[in-house]
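> Following the hints, complete the assembly by docking chain C onto the known chain Y.
Residue numbers (numbering that gives the first Met the number 0), protein chains in the order written: chain Y, 0 to 258; chain C, 0 to 348.
To be clear, the hints were calculated from the coordinates, so they are not data collected in a lab.
Just so you know, not all the hints are guaranteed correct.
Unchecked claim - Examples of chain Y residues lying across from chain C (beta carbon under 7 angstroms, computed):
| hint | residue |
| --- | --- |
| 1 | S3 |
| 2 | A77 |
| 3 | K127 |
| 4 | E129 |
What the hints assert, rightly or not - Here are the simulated EDC-like pairs of lysine to aspartate or glutamate, each with C-alpha atoms no more than 16 angstroms apart in a straight line:
| hint | chain 1 | residue 1 | chain 2 | residue 2 |
| --- | --- | --- | --- | --- |
| 5 | Y | K72 | C | D202 |
| 6 | Y | K233 | Y | D57 |
| 7 | Y | K121 | C | D9 |
| 8 | Y | K233 | Y | D8 |
| 9 | Y | K121 | C | D5 |
| 10 | Y | K127 | C | D9 |
| 11 | C | K88 | C | E142 |
| 12 | Y | K127 | C | E148 |
| 13 | C | K239 | C | D119 |
Idealized CB from N, CA, C, for every residue including glycine.
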Amino acid sequence: MESSFFLVDHLSISFGGIKALQNISFTMNKGEIFSVIGPNGAGKTTLFNCISGLYKPDQGNIQFKGNSIENKKPDTIARMGIARTFQNIELFSHMNTMENIMLGRHIHMKTGVFKGMFLWGKSSFAGKEEIVHRERVEEIIDFLELQNVRDKFVGALPYGTQKLIELGRALALEPDLLLLDEPCAGMNSEEKQDMIFWIKDIQDELGISILLIEHDMKMVMDISSRVLAINFGKQVTLGSPEEVQQNKEVLKAYIGEEN
Amino acid sequence: MDMKRDYYEDVQLLTSPVVLFWFAVLIGSLYCLPFFVDNYYIYVANYIAINIIVAAGLNLLVGYTGQISLGHAGFFAIGAYGTIILMTKAGFPFLLALPCAAFVSGCFGFLLGLPALRLDGPYLAIATLGFGLTITQIIGRIELFGGREGIHAPDITIGSWVLDTDKEFYFLLITLTIFLLLFMRNLIKTRVGRAFIAIRDADIAAQTMGVNILYYKTLAFAVSAFYAGIAGGLYAFVLKFIEPEIFTLMMSIMFLAMVVVGGLGSMMGAIAGATLLCWMDLKLRNILDIPYVGDWLEHLSNNWFSITGVSNIQYIVFGSILVGIMLFEPLGLYGIWIRTKKYWRTWPF
Numbered sequence: 000m001e002s003s004f005f006l007v008d009h010l011s012i013s014f015g016g017i018k019a020l021q022n023i024s025f026t027m028n029k030g031e032i033f034s035v036i037g038p039n040g041a042g043k044t045t046l047f048n049c050i051s052g053l054y055k056p057d058q059g060n061i062q063f064k065g066n067s068i069e070n071k072k073p074d075t076i077a078r079m080g081i082a083r084t085f086q087n088i089e090l091f092s093h094m095n096t097m098e099n100i101m102l103g104r105h106i107h108m109k110t111g112v113f114k115g116m117f118l119w120g121k122s123s124f125a126g127k128e129e130i131v132h133r134e135r136v137e138e139i140i141d142f143l144e145l146q147n148v149r150d151k152f153v154g155a156l157p158y159g160t161q162k163l164i165e166l167g168r169a170l171a172l173e174p175d176l177l178l179l180d181e182p183c184a185g186m187n188s189e190e191k192q193d194m195i196f197w198i199k200d201i202q203d204e205l206g207i208s209i210l211l212i213e214h215d216m217k218m219v220m221d222i223s224s225r226v227l228a229i230n231f232g233k234q235v236t237l238g239s240p241e242e243v244q245q246n247k248e249v250l251k252a253y254i255g256e257e258n
Numbered sequence: 000m001d002m003k004r005d006y007y008e009d010v011q012l013l014t015s016p017v018v019l020f021w022f023a024v025l026i027g028s029l030y031c032l033p034f035f036v037d038n039y040y041i042y043v044a045n046y047i048a049i050n051i052i053v054a055a056g057l058n059l060l061v062g063y064t065g066q067i068s069l070g071h072a073g074f075f076a077i078g079a080y081g082t083i084i085l086m087t088k089a090g091f092p093f094l095l096a097l098p099c100a101a102f103v104s105g106c107f108g109f110l111l112g113l114p115a116l117r118l119d120g121p122y123l124a125i126a127t128l129g130f131g132l133t134i135t136q137i138i139g140r141i142e143l144f145g146g147r148e149g150i151h152a153p154d155i156t157i158g159s160w161v162l163d164t165d166k167e168f169y170f171l172l173i174t175l176t177i178f179l180l181l182f183m184r185n186l187i188k189t190r191v192g193r194a195f196i197a198i199r200d201a202d203i204a205a206q207t208m209g210v211n212i213l214y215y216k217t218l219a220f221a222v223s224a225f226y227a228g229i230a231g232g233l234y235a236f237v238l239k240f241i242e243p244e245i246f247t248l249m250m251s252i253m254f255l256a257m258v259v260v261g262g263l264g265s266m267m268g269a270i271a272g273a274t275l276l277c278w279m280d281l282k283l284r285n286i287l288d289i290p291y292v293g294d295w296l297e298h299l300s301n302n303w304f305s306i307t308g309v310s311n312i313q314y315i316v317f318g319s320i321l322v323g324i325m326l327f328e329p330l331g332l333y334g335i336w337i338r339t340k341k342y343w344r345t346w347p348f
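Okay, chain Y solo, but in the shape it has when bound:
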């Protein structure tokens, strides 16, 4: 069998008696924007947590670029090229924007304890490395138009800005696959438009494949090439946005049933 870019195969996980995910299977192509939809509690974030290694699935397999991520720790999975954002913002609140995004460069940097301690001037190893990677982070800050909050502590910034910084931090990893967990939640329509614009840019300019969880149907239909719908941990349907939109089960899950 030819190995696909990203593959989830019969994934199941349960917490006690709750079957959070049952037999979820899909594949993603390189460069694709693939969306996962479903009502609250359907298991979308659980799926993300399995992919990024925070949960260990009971059954099934996840493969990325031909390698299984089974039993791999979250940091190893990040090094393989999978980055993510969180539904509830998980920024480092006592760092400024620059430092937050710099943490995303962690896997690309080499400074250890001793080299870090010997940060004497620009020509020291740590000094050189800091400069190189700060330049890289500055490009991300420019890309996401975060210049005005560059040196501000993130804890006090507006919600939408924090979401953007999270996106920036994930981009700093230079991943091949980016998991976005409700990037537009809690944003106004203008911010949403910007976010859609950036997500498309990330796909087009940076060539990063995106796995997206989103509730905004219009946005999902606009940007994704394929959509997976899940409900109560079960796969409802998988197909093009139009197909999924017309699926009776999806309508039932979202809008409710006619009596």
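Only chain C this time, still in chain Y's reference frame:
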């Protein structure tokens, strides 16, 4: 407005000639101190400098990485005993014995860091507390280490320089302290330090960004223990004589108090906290000699407490001051510093 022209300025310590000037003044005056004050204050300065080293190390663990340790007196003891034993029994020169003993302490820190991967908060506090208590018990039973009777520190010689007075030791100690603080500051500003802070602020996000949480948590313990080990090794030569009873639980708690009172997650805070608590500890011993206040306290003690009065009334005052600081400024001395700075920056508005 400070305009940045260079990415290096983000991590630079001496960002302008003004800062460089004051930094030079500070270092210069530290080296000139022994020529102006009498011997007792040199002893006090040595005592404070040693505690600053421990506080800086503990701050890395508690303030920056979000772990806790109530066992730092144990690492301190390993450093102290290790240095003396390596010098007297193995014939190491001081400058080699000190880092070797601290390295051993760091290894113990690494081992203690392993349970820290599963424990958090109060549970970790108890685990480390157990370590601190056990270490002194073990050391007190080993004949080679002098057992309960303790052990004398030999004279230090570096080349042909014999450091047999507090004053001479001060120059060595202050140099080491400055370098250790600079190392710590650099560490916090670069990749490893960022990983520590990331673990403290949002450990799940840190993991998914590629930070190996197991490695960095144990590393924080090891570096912190290394610093405590260095400080312990130096402390042995301030006291000239060590015994297991010195390294008590109270000592561990005082180290933690320095970091918290100073302000968690701030180098300045650790320095200020260590200085204040050491100063109070030494000064409050003579609290009854202070005019009016001393008389009043003695009167209070004799009239209202047990028949003999309270012998350690300084601890009551000491404790009250700590309660007061935490009550009025939960961010510690560093919080006061930030507020003062803000006030003067916007002055006169």
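> Please go over all the hints and tell whether each is borne out by the structure.
Hint check results:
1. S3: This interface hint is violated because 23 angstroms lies over the 7 angstroms limit.
2. A77: holds (4 angstroms)
3. K127: violated (9 angstroms)
4. E129: Nearest chain C Cβ about 5 angstroms off; hint holds.
5. K72(Y) - D202(C): Within the cut-off at roughly 13 angstroms; holds.
6. K233(Y) - D57(Y): holds (15 angstroms)
7. K121(Y) - D9(C): Distance of about 11 angstroms is within 16 angstroms: holds.
8. K233(Y) - D8(Y): holds (13 angstroms)
9. K121(Y) - D5(C): holds (10 angstroms)
10. K127(Y) - D9(C): holds (12 angstroms)
11. K88(C) - E142(C): holds (13 angstroms)
12. K127(Y) - E148(C): Status violated; Cα separation ~52 angstroms.
13. K239(C) - D119(C): Roughly 37 angstroms between the alpha carbons, so the hint for K239(C) and D119(C) is violated.
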